[in-house]
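Visitor: Keeping their order, the protein sequence lines are chains L and F.
Here the first sequence is numbered in the numbering used here, starting from 13 and rising by one per residue.
Here the second sequence is numbered in the numbering used here, starting from 5 and rising by one per residue.
Treat each hint with caution, since some may be false.
Claimed, not checked - Straight line, CA to CA, 27 Å or less: simulated DSS-like cross-link-like pairs of lysine-lysine:
#1 L:Lys92 x L:Lys52
#2 L:Lys16 x F:Lys14
#3 L:Lys16 x F:Lys6
#4 L:Lys16 x L:Lys52
#5 F:Lys14 x L:Lys52
#6 L:Lys55 x F:Lys130
Don't read these hints as lab results, they were simulated from the structure.
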Amino acid sequence: MVNKHGYAMMEDIERFTGLRLGPGTLYGAITRLEERGWIKPVKVEDRRRPYTLTAAGREYLKTQLGVLERVLKTAGRRLKHA
Amino acid sequence: MKLLIRFAAKLYPRSWSERYGAEFDALLDDIGANPRIALNVLTEAIDMQVQRSKTIGSAGLIGAAALCLTSWWVGQRPYITPGTRLVFHQDSNLGAMVGFLVFLVTIVGGLVSSILRQDGRIRAAKRARWASAGTVIVYLAAVLLVSLLTPRTIVSIGDSYCYDTWCIGVQSVTAAPQGQNVLYTARVRIFSDANRVSASRAKDFLYARDDQGRRFLLIQDSSVIPADVTINPNESVETSLMFLVPANGRKLYLTGDYPVMPWVPLYFGSDTSPFHRRTLLRLH
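Isolated chain F (complex conformation) (with noise of 0.2 Å):
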């Protein structure tokens, strides 16, 4: 029990530490060691560093800030490959670790609010509270923020998008008229972005899109290979999509409903987040 007495005792503040610690550690001496006055000492050292860092809790706020929008403008940046053509991502590493961050905080401040509370300390439960539940809000409203800010992509011909680990490039397409309608057709490029796992999506997974926001499924075609094909690491395949679009179709695009884990829409820079005008492959 000493020693968790001491320990509990190390988390207070420095400079705390520096003017108080010899004479506390005297007190600590004689009034001998239980776990009541564990707990006391551990919940005045959280809530004391909770009180001495207001300094560094705005200059954390404002390093998250700037953090929140390097990951927004990382994820939203093309990510070039050398040698080749850009590679978009439907979601970014950044955005995800900052969401990550923001969840470790929301845990951390509601275990601490836990332990202040059991401890009596109301007030200062209530501070770390919405503290935790503050974060959670601006993180949120930020993240909604920058999705309605944010413009579409189009990626061109001959670049590509990545829908987690699998992507997809459109390398040219051809267009032939049949009677009121236009079959068009795309030479794509389908490879895995994964270093270990292998990756596949399903059948009617892809579709096109005019820009009056009609659907057009994807044309089954037993003679090429088919779209849900699953690649290996670093392994890539050509085949081509075929979607049958009425002559007054213009500006078509390709694009995909992908369903996502429910925590990706929040992270920065995520292409499916609520309000992000979702990115689309140029087929025309």
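Bound conformation, chain L alone (with noise of 0.2 Å):
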């Protein structure tokens, strides 16, 4: 997985969801993602810094897929029936 500053956050974002997050917004999720212990910064000179997941984050977001591919595979088969 590449690290990327949060410029490269907001056009990758908008790239794959069509939506365009705010800077503020953003920072509040990266605020709290650091908190969390689910990214961490990458040292760079540059004043841009670059994120990347930490092990607990890689865990989290695991088990957060684990349940999102549950839901979307119920959701599928239900729709077929509906």
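Dock the two chains into a complex; use the hints.
Guide: The structure is reproduced here in structure tokens:
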């Protein structure tokens, strides 16, 4: 996974969701993710600081993706019979 | 627009700015400026301040409670004028200031809630709304509780009481039996507590009442200075008030129905607060 700084994250999120996050919203999320230990900054000289997933973040993401996958499968099945 | 965004970015908590300020500025440089970005930065700064101010909020609440109690104490205790007798006041300046502060907090809370809702931050908007509503509810409950618990103040002969800036003090009282009744004549001093404006009260504002709650109206006497005389700043007038009271009337007090602004009863230390036992001036 490539480490990304704020602007790169905004571009990336817009690319795969179609939503353009505001800078305040993005940095609100970055603050919460870092406080929970799910991401950490990568040391660079530049002002644009990239972030990377931590082991705990990766574990949490896996769990959440599993839940999401089950929800999507169930929703897909039920939609067929609706 | 860029200036506005920079200003909004300065509203973030200091600890947050120290940690994220430089990279956040870099992001703002990258994305340019428009009103939507300005609103987004502003609302997130407010939201973060609300979230980070829980500790400050708790300290603020304790401070506010201490201030409220102090204002009540100040409001209910006699104000001692050097060289003269005690002067009691209908309301307290500190209580008025606390009331105004609560009013401001409510207005700001409402505004913050509206701004957050405009930006789609429904939960944060709800928090701000509840915070301001909670402040008002706690304040009003405290005012009512303090009102209920405060004992009635009885102003002794020689001391004074001020209805806003209009003050009156009973200096002496004589009682002359008149058949089944007793004619009470109170020598009073009326003076103004204001520095600039003159003060006066309606003629029928004052009355006497006994311990059974019976009212006795002021006997109008054209030979003395009327009670509705206009008092200039720092001026003082001496006159007499007469009341005809049945002989079985005991424990007579002077009081008055003074109309106050609707918000004055909501001050800590206000003599007109709901459930509060109004101050009486002793006439016996």
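Visitor: Against the 27 Å threshold, does the CA-CA distance of L:Lys16 and F:Lys6 hold or violate the hint?
Guide: 25 Å, holds
Visitor: Going straight from one Cα to the other, do L:Lys92 and L:Lys52 come out at no more than 27 Å?
Guide: Given pair L:Lys92, L:Lys52 is violated - Cα atoms ~42 Å apart, limit 27 Å.
Visitor: Can you confirm whether the C-alpha distance between L:Lys16 and L:Lys52 stays at or below 27 Å?
Guide: Holds, because 11 Å separates the two Cα atoms, which is no more than 27 Å.
Visitor: Holds or violated: L:Lys16 with F:Lys14, Cα cutoff 27 Å?
Guide: Status holds; Cα separation ~25 Å.
Visitor: Does the structure keep F:Lys14 and L:Lys52 at a Cα separation of 27 Å or less?
Guide: Answer holds: F:Lys14 to L:Lys52 is near 24 Å, not above 27 Å.
Visitor: For the pair supplied as a hint, L:Lys55 and F:Lys130, confirm whether the alpha-carbon distance does not exceed 27 Å.
Guide: 38 Å, violated
Hint check: violations occur at hints 1, 6; the rest are consistent with the structure.
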